[in-house]
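K.L.:
Sequence:
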Amino acid sequence: MKFFKYLFGVGFVATLAALAFYFYVFQTKNIAIKSFDLYISTGAEYSVILDSLKHNGVLKDIRSFDLAARLMKYPTLVKPGKYHLTENLTNKELINMLRTGRQVPVKVIFNNISFFEELSKILSQNLESDSATFLFHFNTENTSKKYGFSKETFPLMFIPDTYEFYWNTSPEKFTQKMYDNYKKFWNEERVKKASKIGLSPEEVGILASIVESETKKADEMPVVAGLYLNRLRKNIPLQADPTVVYATQLEKGVRSKRVYFKDLTINSPYNTYLYKGLPPGPILFPSKTALLSVLNAKEHSFLYMCADPKRPGYHLFTSDYQEHLRNAARYRTWVNSLNIN
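Numbered per full-length UniProt numbering, the sequence shown finishes at 341, counting up by one with no gaps.
Don't read these hints as lab results, they were simulated from the structure. Check each hint, because a few of them may be wrong.
With a cut-off of at most 27 Å between alpha-carbon atoms, the simulated BS3-like pairs for lysine-lysine come out as follows [stated by the list, open to error]: (1) K92 with K82; (2) K121 with K145; (3) K196 with K121; (4) K310 with K184; (5) K298 with K193; (6) K252 with K121; (7) K192 with K34; (8) K257 with K216; (9) K193 with K276; (10) K107 with K60; (11) K196 with K173; (12) K151 with K276; (13) K34 with K107; (14) K276 with K217; (15) K121 with K298; (16) K298 with K183; (17) K276 with K196; (18) K310 with K276; (19) K192 with K217; (20) K298 with K310; (21) K79 with K145.
Computed spacing ranges between beta-carbons, pair by pair [to be verified]: (22) Q249 with N336: 18 to 24 Å; (23) S200 with Y39: 39 to 45 Å; (24) F261 with Q125: 36 to 42 Å; (25) A218 with Y39: 33 to 39 Å; (26) S256 with S47: 48 to 54 Å; (27) N235 with F185: 25 to 31 Å.
By construction, the Cβ of each residue, glycine as well, lies at the ideal position given by its N, Cα and C atoms.
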């Protein structure tokens, strides 16, 4: 009888020890700080993750985490991404999060950009791949061809907005999402609208980039769009100053703050003073607002526009050339008074 009591006692103690061990390894809340964002690179080994947690003082007890991770076979199940760790997590919850890849998305915002170099820089600041990797992908001719764009029109596929991606999103997956978003924007109704004004979706995008470069005022964009449509229909050169700024930047690598008469002769297909019609590609990644302003352009007779010194950001419109010259002279006088080079 004493022997059975002894066995029972040993078993009871062993059970308690096992429960204590289980609780210590798996169920104890082990995050030492309020929150921490853990970034796990593609191909990272478990030892690197353990070092990161140790170096940043994330865990109260690194040994219990390591033991739990090995018992749960996490070292062979490492998944890349950004993981948000909070102070209420147990070892088991944390390891389940990591090994199942339950990462948090990151916000990516881009707008008012003209070149893939700018987009690549923004992406590298928010996603895993560096800017050189993104830029190489964007500039590879096969990439634009895959989605039915030329090298010049490819920027149209990347509609500025606020997006959510996983941190380890590859350049290829990022581009695919941009294409899906582009196709979603260009639904059947909008394609028909474009056709009604005599433009393809790509041409709408190119014109929208000029409109948005001319004005950032959403209420004025449809008026500017209508003006350029009038010029296109009358086969009059667009003579849009932003296209000259873009052409100059392509040639010299420097963006000028104003356009001089000598700049109007730069021999570039983007120079709408020299070449009629639309340039071969956008001069800006056009926003949804700008795209819609072209699709819903105001109908009027205006052919000329000039910045209005009395209303910064807005323009004076007219269909009379002599009135336009007077407006332009007043604007130049105002600009010269500011000593803008």
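K.L.:
If a hint holds in the structure, say so; if it doesn't, say that too.
P.N.:
Going through the hints against the structure:
| no. | hint | result |
| --- | --- | --- |
| 1 | K92 with K82 | holds, 18 Å |
| 2 | K121 with K145 | holds, 23 Å |
| 3 | K196 with K121 | violated, 38 Å |
| 4 | K310 with K184 | violated, 40 Å |
| 5 | K298 with K193 | holds, 14 Å |
| 6 | K252 with K121 | holds, 21 Å |
| 7 | K192 with K34 | violated, 53 Å |
| 8 | K257 with K216 | holds, 16 Å |
| 9 | K193 with K276 | holds, 23 Å |
| 10 | K107 with K60 | violated, 30 Å |
| 11 | K196 with K173 | violated, 34 Å |
| 12 | K151 with K276 | holds, 21 Å |
| 13 | K34 with K107 | holds, 22 Å |
| 14 | K276 with K217 | holds, 26 Å |
| 15 | K121 with K298 | violated, 36 Å |
| 16 | K298 with K183 | holds, 25 Å |
| 17 | K276 with K196 | holds, 21 Å |
| 18 | K310 with K276 | violated, 31 Å |
| 19 | K192 with K217 | holds, 26 Å |
| 20 | K298 with K310 | holds, 23 Å |
| 21 | K79 with K145 | violated, 32 Å |
| 22 | Q249 with N336: 18 to 24 Å | holds, 23 Å |
| 23 | S200 with Y39: 39 to 45 Å | holds, 42 Å |
| 24 | F261 with Q125: 36 to 42 Å | holds, 39 Å |
| 25 | A218 with Y39: 33 to 39 Å | holds, 37 Å |
| 26 | S256 with S47: 48 to 54 Å | holds, 52 Å |
| 27 | N235 with F185: 25 to 31 Å | holds, 29 Å |
Hint compliance for this structure: hints 3, 4, 7, 10, 11, 15, 18, 21 are broken, all remaining hints hold.
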